[in-house]
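Undergrad: So you can see what is in the structure, the chains are spelled out below.
Number of protein chains: 2
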Amino acid sequence: MRKESRLIRLIWRIVVVVALFFLGFIIGWFAKPTHPNTANIVSSKYLREFLDEMQPDQIREHLRKFTRLPHLAGTEQNLKYAEQIMKEWQEFGLDSVEMVPYDVLLSYPNKSQPNYIAIVDQLGDEVFNTSLAEPVPEGYEDISNIVPPYSAFSAQGQPEGDLVYVNYGRTEDFFQLEREMGINVTGKIVIVRYGRIFRGNKVKNAILAGAKGIIMFSDPADYWAAGVQPYPDGWNLPGGGAQRGNVLNLNGAGDPLTPGYPAKEYSYRFSLEDGVGLPKIPVHPIGFHDAVHLLKNMGGQIPPNNWKGGLNISYRIGPGFTDDFKSQKVRMNIHTNNQVTRIYNVIGRIRGALEPDRYVILGGHRDAWVFGGIDPMSGAAVVHETVRSAGRLLSKGWRPRRTIIFASWDAEEFGLLGSTEWAEDNAKLLQERAVAYINADSAIEGMYTLRVDCTPSLHTLVYDLTKQVTSPEEGEEGVSLYESWHKRDNWTNDRDAPRISKLGSGSDFEAYFIRLGIAAGRARYTKNKKTERYSSYPVYHSVYETFEIVEKFYDPTFRRLQAVAQVRGGLIFLLADSQLLPLDANQYADSLRKYAQSIMQLAQRHPEEMETYEVSFDSLFSAVENFTVAARDFHVRLQTLNRVRVMNDQLMYLERAFIDPLGLPGRPFYRHVIFAPSSHNKYAGESFPGIYDALFDIENSADPEKAWEEVKRQISIAAFTIHAAAMTLIPPA
Amino acid sequence: MRKESRLIRLIWRIVVVVALFFLGFIIGWFAKPTHPNTANIVSSKYLREFLDEMQPDQIREHLRKFTRLPHLAGTEQNLKYAEQIMKEWQEFGLDSVEMVPYDVLLSYPNKSQPNYIAIVDQLGDEVFNTSLAEPVPEGYEDISNIVPPYSAFSAQGQPEGDLVYVNYGRTEDFFQLEREMGINVTGKIVIVRYGRIFRGNKVKNAILAGAKGIIMFSDPADYWAAGVQPYPDGWNLPGGGAQRGNVLNLNGAGDPLTPGYPAKEYSYRFSLEDGVGLPKIPVHPIGFHDAVHLLKNMGGQIPPNNWKGGLNISYRIGPGFTDDFKSQKVRMNIHTNNQVTRIYNVIGRIRGALEPDRYVILGGHRDAWVFGGIDPMSGAAVVHETVRSAGRLLSKGWRPRRTIIFASWDAEEFGLLGSTEWAEDNAKLLQERAVAYINADSAIEGMYTLRVDCTPSLHTLVYDLTKQVTSPEEGEEGVSLYESWHKRDNWTNDRDAPRISKLGSGSDFEAYFIRLGIAAGRARYTKNKKTERYSSYPVYHSVYETFEIVEKFYDPTFRRLQAVAQVRGGLIFLLADSQLLPLDANQYADSLRKYAQSIMQLAQRHPEEMETYEVSFDSLFSAVENFTVAARDFHVRLQTLNRVRVMNDQLMYLERAFIDPLGLPGRPFYRHVIFAPSSHNKYAGESFPGIYDALFDIENSADPEKAWEEVKRQISIAAFTIHAAAMTLIPPA
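Those sequence lines, one after another, are chains Y and F.
Every letter in the first sequence is one number past the one before it in full-length UniProt numbering, and letter 582, counting from 1, is 582.
Every letter in the second sequence is one number past the one before it in full-length UniProt numbering, and letter 77, counting from 1, is 77.
Calculated from the structure, these hints are not laboratory results.
Source: prediction; values computed, not measured.
A couple of the hints might just be wrong.
The list treats identical chains as interchangeable, and a pair is accepted whether it falls inside one copy or across any two copies.
With a Cα cut of at most 30 Å, we get these calculated DSSO-like pairs of lysine-lysine [claimed, not checked]:
no.: 1; residue 1: Lys-308; residue 2: Lys-529
no.: 2; residue 1: Lys-467; residue 2: Lys-552
no.: 3; residue 1: Lys-527; residue 2: Lys-706
Between the sequences and the hints, there should be enough to build the whole structure, so can you do that?
TA: This is the structure in structure tokens:
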């Protein structure tokens, strides 16, 4: 009995033990989360550390270090800087850093035959020559390898003829010249002032108009801020300074000889004649001291006031000089050479902990026309600091959910070549895996406030992040960057929020956004657009872009660059480390509606033709409505999500859905149906570019019916694309 | 003491209990697998059930049901069948079934003005007319709406002139005619025999050669099997039978009026003049009874023996008739109309349990020229049985890991229109989500063995699966389909395994494989290629494709169709339900090497030019080597995988990596760099089509240097694409 009782107790105990074990087991089993939910809390602690780690003094050091010597793409010095960046990124703690070379077409002045422009008399003697170089700023007198101002990829030649002044050389300027002033520039040399549009567009317009050469000058009206001294006493462009720059019309092709494919050693190269976007006429840039000599004796009509710049001359149109100088002609002497040259991107990576096959990219160029004090090293210094800060976090045990890729691009100044070749090389990977691309060109172009251009799905993230960054402005201690920005640049016509603009082109995000359809954005510090009317910043692409111009004028405390670093870095951090991708489809819907309204209003300037040719925007608005509903429902479902990866993929691929593999008419590498660089100015972003260009052609087409047919076709493509994008947001099955 | 002791014991017990609980908890926590590993065992049990559920009698019923009435695309009856299929798929238990309409360009004979060909005398009187219809088979005498034989999309017109006989109308036939026989067909009507190549290619060649009309006839040499009676006593083509078919050259564009975009109500449509691939001359098909009358009195040269068919005539080339009939001409009377017509796809879905955003597609067409006994309903019956079987499994609790999509396409016969429009409509979803596409056109074209065409990455899966299917042949009880197939059609020149061929075109997989780069394959029962030399199967596209021809001759037990159902269905099952995608990158590597060797050998026929123009295939072989290593390493890593989704995505996107958004030269919708339909015969698959076409042009180019440059460019594109594909297989970060 006693024994039995013990046995029963033993059995009982065993039962209890086993039961408890199973209870524990079962609770353990179900307690284990399928997805870790603590991730976001930890991530936000690390975000604060990541932002706080970025320091003004460090950025100053980086900028100082990488602006001592000229480092034009394809030169020894630019390779040295690449090697140094690679080494330092490794030291900062990235998982891998590699150097990725391509062999692309670059263009340099001929060292033994300088480029210049001359006035020649009737004997053919040169009675005036433009300067061969800019006066070198103090402290840099002993530096060699400063490339003189030139237009990269200019055709060679020595055309001689009469000048015609064409204002900014915009499409509308040439129309006005030809249609209102009745001047034909065939066989003439045109002289245009820099500004307003990308220089390559000026060159293209001049070629289309029949010019045999084009001279571009920096007019004080466009490169001189009121009340500011020329460098080194202030930040204005001296009269001897001139703007370098490429004059290609690549439309996103990258290396002109290998369009669509990376310029590897084995790659097939087109001949120069078949290369993409190379101008067929000589092109040359000059400063305003030289320009005065060419312009002052010009004859012909007096132009309208908005064609007059800031020089003390009458800005006559020509052709040619006044009667007193009738026998004088202008001769361009251009000997610039194109040559296939090796360039180097530096690519660094932090491997994602949970989603290594999702990429967030921060890329900016390294090559500079001369020192690159602003363009691009103010941006490269910011990237460098971001890498350093990320490295510190890694050493503390942090690792982002997704893979982060840092890129130091080469040869941006020669047509976005380094970034485009890498995009071509990695297109298949990027298409499937890239979440977002943040661009890092010049971080500062003014002293006023933040400037952001990005895809609509990033708007919300930009606003959220800038509320967590401090304003760098004096007297705004404790004020957020968002508030400071909001106060200075409100989006008044739409709503009460800081202004964010569309992406155009002119920097390395182009292939990622416009060709591949990867959500993209850029941020920098800028001027007051309402009061400061000069183009870009005055010393843009001149020898006067030094470290000192930043240190003395643009950002003496380096806190503006710090703020830009925190914005660029913060975007990358949140895109890489948020469990749920911080992309907002509702914002895209809002933007699509605005763009649709705006393009319809453009068409409605022709109400009769719209009726005659039965042009309707109904399908477009119906598609936008469909998209809006899909986006709203998507974000509602996101509240109760249980399939993080599936829904994140839907968000990631949303931007991709706007890509049409057939490309825009005549521009096979611009494939984004919603956004493209304007056909009239690469720098400007155009929404519904297909419809816009078709509408533009209406006024210039000999066959209006055909032109309106193209408008209808483009509306149909846009409507289809938006419907297709909406489909990507509905539940996948 | 006693109290304390109790307390201690109590505490001790609590400790034990808690400890046990935690032990259980911890073991429970770690015992829970992150990925369920039992999935594959359960899945394989269901596979057996799925295959066994498909029954010959059911397939017979389905076939009987859907072949009672003619159901040409765009007709009432084809919509009725669509509705019936939709209803039955719903009853079978699919999660959703929808009808998806498009408005595409179709082509029908004019009911009040029949098409025919006449011989006219010198007065213009018609002394002989071809028949207006085929003799209707017994049992179908009361059926209306049998469309007479015609060439869909023929131009309208009544051209009159002399005949020229051009054999099969292949590129090489026209070369021989022009270069060796010295005959120019400009302004002539050409007569060609059907067979060897797609009829649209014959028409294109005739147009390029300058013909003003083209007549196509079925010669007994090509549509008559030895020792077989004509239908209904056997399965040969009666002399009054003729082959319908479209004569487009779409190159993958889908609806001719909406290339690149789905033909929705709001879609922009090109005018007929701007439509893709529409022939500019009249085209008409005839049977051999009629052909004899046109051919027997022809004059001109006696052709080489391989130009002679099976009729008891001399097959003279012409032009025109012998002296005795010199005054007679041939007149075509063609009044066929193009018209935009609504078509209907039926799309059914089974939602994936774990990866709803991964799609496996089984699609085949429903529209038929007349009854569609073989083409396509033998295939549609098989799909129907697959859906029924999948429904049964669902009712037993099964649900596939991934989403399965079943499609009943419309208007395949008019240029793969239904499937291509749906691919265009869903391109963005398919690009990101589609795992594989299995095609289901005619399931039987012979009585000998299995025929499989598929992408190399599916080879291994096809072999594995066919080992689990039983041979349908009498006397092969207990023999696997694999063994039976292996015995009958060994891949002797390569290795000891059943032959699998490249995909060409001519059926609905085209847009999925060649345009979008989705792994694809097809399987059917076929004839003995070595002994049976006729083209396709004799009654192809005639009124004699009835239910009875299958029941009496091709598959009386319906066990061959059952085997095909098990292969097509089994592929879908394994692609949708295997935890790890059953795609094999190593097989792709092997195939790439073979294709590279073969294309190089083609170039090496010109050793001198290769030296002169510095043509090297090194970069291609180096890329293949790189791919081979990446594939091998990938499959080694797969053994120890811990990231199923990441590696499955790599497998899924492998085929996509071969897509070049720029398309093949002149064929923007053929974008697969490794595979495309031959430019000379749409039915045939060409590997490295870009290089192949460039090599072909060499012999016909006025500028050999330029032609060889194109060869070099295409080698470079192929090498780059293979490198890029290799990159998709390496670890993502």
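Undergrad: Each hint: holds or not?
TA: Hints, verified against the model:
Taking CA atoms no more than 30 Å apart as the test, Lys-308 paired with Lys-529 passes inside one copy only; the shortest distance there is 21 Å, against 81 Å between copies. Taking the shortest alpha-carbon separations for Lys-467 and Lys-552, only the intra-copy value of 28 Å comes in at or below 30 Å, while the best inter-copy value is 79 Å. In this assembly of identical chains, Lys-527 and Lys-706 lie within 30 Å of each other by CA distance neither inside one copy nor across copies; the values are 44 Å within and 52 Å between.
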